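Number of protein chains: 4
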Amino acid sequence: MIIQLEKEITPKSKEEIIKKAGDFKYKLTEVKTQVGDYLIGTGKSEFDIREIGFMPGISDIHIVSDNYKLVSRKWKVKLTAIDLGDGVLIGDDHFAIMTGPCSIEGEEQIRQTIDHCAKNGIRLMRGGVYKPRSSPYSFRGMGIDGLKLWYEHAKAAGIKIVTEVMQVSQIEEMHDYVDIFQVGARNTQNFNLLDELGKVDKTVMIKRGISGTIDELLYSAEYVFSGGNEKILLCERGIRTFENATRNTLDLNAIPVLKDKTHLPVIADPSHGIGIRKHVEPMALASIMAGADGVIYESHCTPEEAYSDGQQTLDFKESEELIKKMRMTYELRSGF
Amino acid sequence: MIIQLEKEITPKSKEEIIKKAGDFKYKLTEVKTQVGDYLIGTGKSEFDIREIGFMPGISDIHIVSDNYKLVSRKWKVKLTAIDLGDGVLIGDDHFAIMTGPCSIEGEEQIRQTIDHCAKNGIRLMRGGVYKPRSSPYSFRGMGIDGLKLWYEHAKAAGIKIVTEVMQVSQIEEMHDYVDIFQVGARNTQNFNLLDELGKVDKTVMIKRGISGTIDELLYSAEYVFSGGNEKILLCERGIRTFENATRNTLDLNAIPVLKDKTHLPVIADPSHGIGIRKHVEPMALASIMAGADGVIYESHCTPEEAYSDGQQTLDFKESEELIKKMRMTYELRSGF
Amino acid sequence: MIIQLEKEITPKSKEEIIKKAGDFKYKLTEVKTQVGDYLIGTGKSEFDIREIGFMPGISDIHIVSDNYKLVSRKWKVKLTAIDLGDGVLIGDDHFAIMTGPCSIEGEEQIRQTIDHCAKNGIRLMRGGVYKPRSSPYSFRGMGIDGLKLWYEHAKAAGIKIVTEVMQVSQIEEMHDYVDIFQVGARNTQNFNLLDELGKVDKTVMIKRGISGTIDELLYSAEYVFSGGNEKILLCERGIRTFENATRNTLDLNAIPVLKDKTHLPVIADPSHGIGIRKHVEPMALASIMAGADGVIYESHCTPEEAYSDGQQTLDFKESEELIKKMRMTYELRSGF
Amino acid sequence: MIIQLEKEITPKSKEEIIKKAGDFKYKLTEVKTQVGDYLIGTGKSEFDIREIGFMPGISDIHIVSDNYKLVSRKWKVKLTAIDLGDGVLIGDDHFAIMTGPCSIEGEEQIRQTIDHCAKNGIRLMRGGVYKPRSSPYSFRGMGIDGLKLWYEHAKAAGIKIVTEVMQVSQIEEMHDYVDIFQVGARNTQNFNLLDELGKVDKTVMIKRGISGTIDELLYSAEYVFSGGNEKILLCERGIRTFENATRNTLDLNAIPVLKDKTHLPVIADPSHGIGIRKHVEPMALASIMAGADGVIYESHCTPEEAYSDGQQTLDFKESEELIKKMRMTYELRSGF
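From first to last, the protein sequence lines are chains W, P, D and A. Each residue of the first sequence is one higher than the one before, starting from 405 at the first, in our numbering. Each residue of the second sequence is one higher than the one before, starting from 405 at the first, in our numbering. Each residue of the third sequence is one higher than the one before, starting from 405 at the first, in our numbering. Each residue of the fourth sequence is one higher than the one before, starting from 405 at the first, in our numbering.
Think of the hints as simulated: they come from the structure by calculation, not from any bench. Keep in mind that a hint or two might mislead.
Each pair may be met inside one copy or between any two copies, as identical chains are not told apart.
Said to hold, decoys possible - Mimicking DSS-like on lysine-lysine, the simulated pairs with C-alpha atoms at most 27 Å apart in a straight line are: (1) 478 with 682; (2) 416 with 429; (3) 478 with 411; (4) 523 with 448; (5) 728 with 424; (6) 436 with 423; (7) 721 with 482; (8) 552 with 480; (9) 478 with 431; (10) 721 with 665; (11) 429 with 552; (12) 682 with 482; (13) 424 with 478.
Values in this document were obtained by computation on a predicted structure and should not be read as measured data.
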């Protein structure tokens with residue numbers, strides 16, 4: 405149950421709603437986001453919601469049978485578009501392309517990637533400055549200095565920054581230089597990180613867990629939303645299966661299923677999903693026909709010299725080709 | 405190693421080739437198909453293939469490092485098109501749409517489905533007359549009589565028949581009424597059935613095993629090919645994973661991987677793959693962008709009354725819509 | 405619903421039972437096994453079973469809510485022991501050890517293995533004469549001649565033969581030389597083969613499918629049972645998962661779950677399950693504590709020279725050691 | 405490559421070693437633990453290690469080809485025993501039983517569980533005070549106050565505390581009240597948390613990721629070890645597969661594989677692994693025969709009233725029974 409409150413609701417009215425819901429054995433949790441105030445009810449008994457709906461201070465009330473509530477499309481039928489400012493929108497008829505290297509490696513690489521983006525009308529650049537690595541002895545990224553350097557160039561070019569945040573203590577230092585905080589597949593259920601990102605006024609893109617179910621991804625989004633932040637993107641990036649001809653199994657089935665279950669935009673990551681350079685293009689195009697609101701993929705001036713993930717990274721010529729084909733594919737889909 | 409033989413090779417020349425290969429520690433297996441005669445060599449030592457290649461009776465020789473040989477694209481770079489006669493082709497620029505019910509249920513249903521196909525220019529109709537069922541107490545299909553009935557109507561309408569063969573003993577009785585023998589996901593590694601289908605002059609469509617790897621699917625095709633039958637289609641129909649929001653996980657990654665590894669046409673089955681009616685369309689379109697040479701999906705005059713698989717079956721209106729969109733999507737892809 | 409019939413039931417009484425069940429919207433299937441006659445009812449309505457139970461010709465009646473019926477422990481609470489003759493029993497307090505090579509390779513190997521069995525009191529020897537192979541170019545086993553040779557020696561030593569049957573056409577020729585027909589993991593859902601094995605008066609051991617669920621294994625057993633053959637063993641042999649440090653993932657969870665759901669004996673195959681020689685012993689012992697009624701594992705006089713599966717095969721010294729430990733472990737478990 | 409340094413090594417000697425290794429294209433990382441000082445070398449070239457081994461300041465040097473180093477048994481052949489003080493040891497001939505509720509719920513429950521432990525000679529009690537929950541609206545545990553309450557009672561009874569730490573910020577406040585910090589399955593690759601636990605002088609038990617490979621678990625342990633903390637336990641708690649007859653698939657194969665690859669103790673968690681109360685016992689006993697150094701399982705005074713996980717929790721009578729059988733099983737195994 406989702407109860408949307410009027411801005412001017414009195415504390416007394418709110419108390420009465422909570423008491424009334426308690427009578428029906430519903431526990432209400434208060435949620436305040438950038439956009440509105442809600443009471444989220446969890447419980448199992450059945451009752452006539454009009455008995456609550458007519459109480460003063462309530463602007464709307466919905467029964468949501470899913471275990472996730474605020475991210476459910478049963479509540480918010482209209483698709484959400486995330487507005488990143490400067491005319492950059494994602495979702496609900498706004499298709500997003502995000503590209504760039506696995507790791508930010510230095511100024512020259514930043515400059516060349518931004519040129520590539522600018523030349524092709526790409527407004528969102530991805531790149532890692534904090535890298536999750538299986539081995540403690542591997543390169544862990546350029547850190548905050550790399551981010552600041554990147555930000556300088558990106559800002560000048562009107563390009564938004566998409567980058568992974570790995571831990572709570574990084575949020576504050578990264579905050580002013582980031583447009584989209586990415587939560588990696590190993591952190592999809594790092595509930596503490598999700599809680600903290602709920603308090604931030606920046607878009608959060610949550611990647612599906614390495615073997616996370618679609619429902620678990622929606623629960624993770626519910627954490628961020630109920631923490632106060634409604635600006636959420638979901639990202640399918642491949643799951644772990646028995647098949648080892650591909651790095652992961654990009655699960656495109658998740659895209660129509662998610663589009664049906666949630667109002668949030670859904671992004672596909674074919675680079676990590678299939679993990680083989682020559683197959684990134686068909687998977688990117690397929691994910692658009694499956695219904696994706698955007699595609700994130702890895703590109704690099706010289707993939708064979710990339711610090712990480714070179715085997716799945718396009719060079720700029722391949723990237724340019726892909727961008728054209730993605731736009732044509734999206735145009736066809738939009739006409740359907 | 406694949407050695408293609410000249411038609412007029414003498415037994416003595418053949419013997420000498422076998423002996424020579426033996427000297428290099430290669431075992432040769434003779435393969436005769438509808439199209440040509442081959443000697444397939446398995447072994448591990450390295451040698452200059454010209455030492456064999458110049459021997460009399462050999463028209464061509466190739467090193468194929470894959471464990472599957474005749475189905476490998478390393479040998480046959482040009483993509484194969486399967487010719488079913490009457491202008492029906494599949495693969496290498498010929499896109500195939502196959503539709504029809506899960507089970508053939510009776511004359512009226514056959515008639516209506518054929519009308520639907522004819523009206524929309526569909527030349528390939530699917531349907532089951534022998535049904536694999538988990539429980540021995542379930543409906544197992546109309547059998548050979550259903551097939552004959554279907555054949556009568558299909559022939560009159562110029563429509564080809566795609567249907568599953570479950571066991572060796574059915575091949576002969578079904579033979580004259582079938583255009584494409586389908587091998588189901590539970591039989592992908594029924595090597596005996598594959599051997600016998602190698603002797604048949606009809607196209608064979610092999611579905612990927614329920615948890616079969618891409619390589620295993622190629623090995624299964626190698627059985628049919630080396631048995632003597634070069635007319636083979638491969639079909640991705642969803643694998644088993646931990647995710648249970650969908651019936652199976654249609655693995656579209658397999659499509660570009662297969663197109664890269666083999667010259668055989670690749671078909672996608674979104675109905676079994678995702679198993680949810682409303683999501684069949686996006687997955688069908690996605691599979692085309694992923695590179696599929698054809699799509700097979702379930703349709704029925706009244707899905708809610710179908711004997712089986714109704715939950716994933718389109719009605720004819722939805723089917724008609726999908727056919728149009730698939731053709732537009734294929735056209736876009738062809739232009740790339 | 406399972407209705408056990410009296411031997412002397414009249415056709416008229418049977419007809420009346422079928423009619424009555426039809427009134428309750430239950431479809432009855434007749435099943436005759438080596439042991440008894442049954443009517444198996446499938447349907448969903450609820451009714452008082454006494455209305456059928458009191459009819460003439462019925463010796464007993466049970467509601468079985470599982471989709472599998474005759475193999476369910478809800479019907480037959482007492483555990484089944486399979487009697488192979490000559491004092492060899494499996495299940496319900498009779499622990500079975502089966503060992504031998506992956507493939508039967510020749511007389512000397514047969515002789516040595518039988519000696520090894522005899523010396524250690526093992527009454528069941530495994531070995532393959534028909535081998536399922538991914539590649540059509542691999543060794544496919546010694547065939548029926550190998551089986552006859554083996555039989556001669558085994559019979560003389562009082563040892564029972566466990567071997568895989570791959571296709572219907574092999575059943576008859578193998579019949580007189582086999583004690584336990586093994587159905588391999590690729591054939592678990594080869595329903596035609598299961599149907600035919602239902603007509604045979606020999607024990608059938610069904611291996612779990614490569615990615616088969618526990619329920620699917622029970623359904624496959626139901627095919628054999630309802631086909632007329634009550635002598636069935638189930639075998640856990642490892643499932644396919646994302647983990648590739650082991651050949652398969654031997655799923656010991658399946659053992660207590662199966663022991664709870666069915667009255668049939670359950671065998672564990674640690675050789676195929678984990679696929680690494682040095683780890684076969686701990687997994688064999690673990691499967692006993694998990695509740696297995698028997699263990700099947702591969703042993704060979706010279707594993708490093710075995711035609712197949714050498715990497716997971718014990719030599720006779722290791723095998724002897726394992727046999728002792730298995731017996732001690734089973735003894736401890738029996739005391740619990 | 406692992407270089408163990410002498411305590412009194414001079415900075416100059418250390419520098420020379422690093423330089424020399426650099427000449428061989430090896431990068432050295434300094435690691436200081438509670439026990440010793442190391443230089444960990446990663447690189448791929450081959451050279452004669454004696455060229456480094458003879459340099460001053462080195463006490464020992466080992467080539468370790470695994471990607472994990474300090475946790476590898478190729479370096480430390482002897483099994484590690486973790487000493488928790490007061491005579492409580494785990495690993496290398498010291499078998500550990502840990503039991504208690506999923507969540508700490510209140511004083512009475514704490515008291516009863518401690519009585520149960522004390523009565524049965526159990527020295528390690530598990531319980532959650534911070535609970536990871538999929539839904540943000542669920543009970544998240546009693547927190548630090550619950551932990552302090554628990555600690556008071558446990559200390560008096562000479563019982564050690566095993567509890568999950570979910571985030572870096574909790575480490576300090578929990579530190580004085582915890583004996584074993586448990587890292588949950590959703591945090592196995594929370595590298596930041598692992599880094600911080602490397603700085604703590606308390607034992608850390610790392611659970612295998614929900615779909616984590618065995619190698620990934622070892623890498624996670626390498627993070628803690630190279631962070632400075634050698635006191636590490638690994639815990640197999642079930643992986644995610646297609647099978648849904650059980651909550652997870654407890655992967656007992658991982659136990660012998662881990663015991664072979666690492667010197668660290670390995671614990672099994674059958675409660676989460678199989679997730680069904682009546683099957684916890686056989687899986688616990690099986691894991692001992694598979695080679696586990698300990699078993700952790702859930703017990704509760706009144707499982708049916710537990711706040712969480714009641715369906716997989718034993719009551720104290722069942723727990724007592726299991727403890728006896730585990731000890732007998734361990735005794736048998738020790739004799740092998």
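Q. Can you name, in rising order, the numbers of the hints this structure does not satisfy?
A. 4, 5, 8 and 11
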